[in-house]
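Peer 1: Numbering (the numbering used here) for the sequence shown: 497 to 963.
Watch out, some of these pointers could steer you wrong.
Quick list of simulated restraints, FRET-style, between CB atoms [as the list claims (entries may be wrong)]: (1) Val852 / Lys762: 25 to 33 Å; (2) Asp680 / Lys762: 35 to 43 Å; (3) Met883 / Arg529: 18 to 26 Å.
Keep in mind the hints are simulated off the structure, nothing from the lab.
Beta carbons are placed, not taken as given, at the ideal position from N, Cα and C, and that holds for glycine.
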Amino acid sequence: MNKTKKTLKPFELLNYHMDLKIDILQFLFKFPRFLNGFLFFLRPIYLKKETAWNKRFRWLFLVLGAGKADTLELKAMSHALYAVTDNFFEVKAAKKNREKIVWVEWILNPEICEAFDLVSFNPEVLNVFANSKGMEYPPMIIEAAENQGTPIENCSAQKLAVGSLILEQIPKPSLILGGSHPCDTSISIYQTLEYLTGAPSYIMDFPYWKDEDSYRYYEKNTWELLSFLKKETGKDVDWDKLKTLLDRVNQINNYLREICEMSRAKPCPSSNSLLALAWAIREVNLRSPHMLSMVKAMHQLVRKRYEKGEGVVKKEKLRILLWFPPIPFFFYYFKWMEENFGAVIVADFIGYVSTVHIDTSSKETMIRDLAISQMHLAMGRQCHGPMEFITDEMLKLIDEYEPDCMIFSGHNGCKHGWAGLKIIQDICRGKDLPVLYLNLDIMDKRHTSEEEIKKQTITFFKSHGWA
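Please model the entire structure based on the sequences and the hints provided.
Peer 2: Below you can see the structure in the form of structure tokens.
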């Protein structure tokens, strides 16, 4: 524990995203062809594995496509980077000026904070972005949480929030907004975070079902959230600001839904790595105008390929459904399969978008539809009720996207996923769909390494004559 504390200075990982290196990268985004050439030229020194020499840039270079990204893809990435760093700068300024910072759990969107002009922050943000400095940092943060008594069997996503707080890598909150889903770890650890920070919290009580009674109940929850924020901040709702944001959110959702629909085409015109990244950016800073700019660029790219009948790879050999979460420390998994096997993930657990349109014509419709939309966000919509919410969507995607196989990314923190494994196996067997069952921790490379994931994937492909 002492060694871990000495390794990181307070806020070192957040500051890493706000230093000169990021400024240089943002400048290079203005010259995408040059940036691609630069990344491609350096491939030999970072592509194969992480080393002590390349760890400070390898993850980010791989996320950027390792020199093989389309210029529109890089444009989308640039807006993603701006959205994330903008949020970090806002939080830094709020901390300096002693303004309120609201923690918003990863399963919730921060739209409501916009209505009160509050700075929102996702305490799980280092689950993904700590990798940009080196893949050893998420395990280091997890270890800090476990050393202080966080149960080892808990999901590492929430352990990272606890560890980040203990190691002073994230700012303490003035308020906490959490949810009663998608799993027991979320509920228990947010109680721990409330205790550790002393911050007042409001927990959104997700109903079990998705029907009219459930929607009305959750809408009532959302109105109560407004009352909580009004009481704790002394501010009133700025309905015009909320409407402006929700109109933008509708545009974001429309673009993402269209990308998901176009991804059904053969060959698939979209790399699902972009949809997965959009989900992550949404959780960090949906409020940023850069989020809309990001998905516009994504949509433009996919639409261009779709209309030409082109795929994301020159020759699509294999269509894959990725079920359960992607792997932050090996985010290049999507591109690695595309480049080496012509294998394209056509749909996945969190990239698939099915949120509803929000009617912004009145206060009442905004809150009603915001509540319903919240219940249809990825991860939450599948995991807050019966097992059928998971398996019915899986069946829908199998039928609509016609995958040749499925990869089950068995995150060891997703107890509900493993509990339903036999049902998932029976469904896939009935569909004659080959499945690779990965046993891993998506946040912690110590459990199953990048090299081992590659090895298991290659063995699976070879066993079916695909490699």
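Peer 1: To test your reading of the hints: which numbers does this structure violate?
Peer 2: 3
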